[in-house]
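Using the sequences and the accompanying hints, generate a full structural model.
If you want the building blocks of each chain, they are given just below.
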Amino acid sequence: AQSVTQLDSQVPVFEEAPVELRCNYSSSVSVYLFWYVQYPNQGLQLLLKYLSGSTLVKGINGFEAEFNKSQTSFHLRKPSVHISDTAEYFCAVSGKSSYKLIFGSGTRLLVRP
Amino acid sequence: NAGVTQTPKFQVLKTGQSMTLQCAQDMNHNSMYWYRQDPGMGLRLIYYSASEGTTDKGEVPNGYNVSRLNKREFSLRLESAAPSQTSVYFCASSTTGDYGYTFGSGTRLTVV
Numbered sequence: 001a002q003s004v005t006q007l008d009s010q011v012p013v014f015e016e017a018p019v020e021l022r023c024n025y026s027s028s029v030s031v032y033l034f035w036y037v038q039y040p041n042q043g044l045q046l047l048l049k050y051l052s053g054s055t056l057v058k059g060i061n062g063f064e065a066e067f068n069k070s071q072t073s074f075h076l077r078k079p080s081v082h083i084s085d086t087a088e089y090f091c092a093v094s095g096k097s098s099y100k101l102i103f104g105s106g107t108r109l110l111v112r113p
Numbered sequence: 114n115a116g117v118t119q120t121p122k123f124q125v126l127k128t129g130q131s132m133t134l135q136c137a138q139d140m141n142h143n144s145m146y147w148y149r150q151d152p153g154m155g156l157r158l159i160y161y162s163a164s165e166g167t168t169d170k171g172e173v174p175n176g177y178n179v180s181r182l183n184k185r186e187f188s189l190r191l192e193s194a195a196p197s198q199t200s201v202y203f204c205a206s207s208t209t210g211d212y213g214y215t216f217g218s219g220t221r222l223t224v225v
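Here the protein sequences line up with chains A and B, keeping their order.
The numbering used here numbers the first residue of the first sequence as 1 and each following residue consecutively.
The numbering used here numbers the first residue of the second sequence as 114 and each following residue consecutively.
Just so you know, these hints were derived from the structure itself, not from any lab.
A few of these clues could be false.
In the DMTMM-like style, the derived pairs of lysine to aspartate or glutamate whose C-alpha atoms are separated by at most 20 Å in a straight line are [stated by the list, open to error]:
1) 49/A to 64/A
2) 58/A to 85/A
3) 96/A to 172/B
4) 58/A to 88/A
5) 78/A to 16/A
6) 100/A to 151/B
7) 100/A to 16/A
8) 100/A to 165/B
9) 127/B to 139/B
10) 127/B to 192/B
11) 100/A to 186/B
12) 100/A to 192/B
13) 170/B to 192/B
14) 96/A to 169/B
15) 100/A to 85/A
16) 100/A to 8/A
17) 122/B to 192/B
18) 69/A to 88/A
19) 100/A to 169/B
Structural data, given as structure tokens:
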């Protein structure tokens, strides 16, 4: 079975500052990893995914994440955030032979002017 | 627009009432899922259907039933609603092997 821990429930940051949202996972098998974003009163939208290959994954809206197998982490980063990045971000994991995504509890990113 | 459509968007039920949440996708995806979202708990899988004709329990199936009516449609039924089922429900779909889910916009359900 897999599990995901998002260490921060809320991250406040000023506009144009860099940000890192942390995600750690637990699994006894090889995994696929994902980050989703949820804007207020909307569904979830895929930001990026790691399936295999390069451990640095680039996604939409300038976000990127790095897969670190030894630390079982998949942290999300953006070098300069905008007000419009204010949203909730979810890390998710699935086993390579599973259809099911297991989500973390979410991190609310609050970008202040 | 192509995607996942959920109905209704909002619903208030009295304890003990029943209802069915509808979900349809027009992307020819094989797999469909129902999640519930509660504050501080992320999304938890209720039921999923890996392909037409199959359904399986997720993390929190108690109090729910599902039907995969055809490849496009996957419904979630609450037979006797309880206040603990107050939540936002999301339907999602994916292509087998792709592992990128497309989510609907959600159903906000309140049970009083």
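Cross-check of the supplied hints:
At roughly 10 Å between alpha-carbon atoms, residue 49/A and residue 64/A fall within 20 Å of each other, so this suggested pair holds. Among the hinted pairs, residue 58/A with residue 85/A is consistent with the structure: their alpha-carbon atoms are about 16 Å apart, no more than 20 Å. With a C-alpha separation of about 18 Å, the suggested pair residue 96/A and residue 172/B falls inside the 20 Å cut-off, and the hint holds. Taken as a hint, the residue 58/A and residue 88/A pair is honoured in the structure, with Cα atoms around 19 Å apart against an allowance of 20 Å.
Note on residue 78/A and residue 16/A: the hinted pairing holds, with a Cα-Cα distance of about 10 Å set against a maximum of 20 Å. Between the alpha carbons of residue 100/A and residue 151/B the distance comes to roughly 18 Å, so the proposed pair stays at or under 20 Å and holds. At roughly 35 Å between alpha-carbon atoms, residue 100/A and residue 16/A are farther apart than 20 Å, so this suggested pair is violated. In summary, the hint linking residue 100/A to residue 165/B is supported, as the alpha carbons are separated by about 16 Å, within the 20 Å threshold.
Distance restraint check for residue 127/B and residue 139/B: the Cα-Cα separation of roughly 32 Å exceeds the 20 Å cut-off, and the hinted pair is therefore not satisfied. At most 20 Å may separate the alpha-carbon atoms for a hinted pair to count; residue 127/B and residue 192/B meet this at roughly 12 Å. About 18 Å separates the Cα atoms of residue 100/A and residue 186/B, which keeps this hinted pair within 20 Å; it holds. Of the supplied pair hints, the one linking residue 100/A and residue 192/B is violated, its CA atoms being roughly 25 Å apart against a limit of 20 Å.
With a C-alpha separation of about 16 Å, the suggested pair residue 170/B and residue 192/B falls inside the 20 Å cut-off, and the hint holds. Distance hint between residue 96/A and residue 169/B is fulfilled; the C-alpha atoms sit about 18 Å from each other, no more than 20 Å. Distance check on the hinted pair: residue 100/A and residue 85/A sit about 27 Å apart at the alpha-carbon level, beyond 20 Å; violated. Taking the CA atoms of residue 100/A and residue 8/A, the gap is near 24 Å; set against the 20 Å cutoff, the hint is violated.
For the hint pairing residue 122/B with residue 192/B, the CA-to-CA distance comes to about 19 Å; that is within 20 Å, so the pair holds. This hinted pair does not check out: residue 69/A and residue 88/A have alpha carbons roughly 25 Å apart, beyond 20 Å. With a CA separation close to 10 Å, the supplied pair residue 100/A and residue 169/B stays within the 20 Å bound.
Of the numbered hints listed earlier, those contradicted by the structure are 7, 9, 12, 15, 16, 18.
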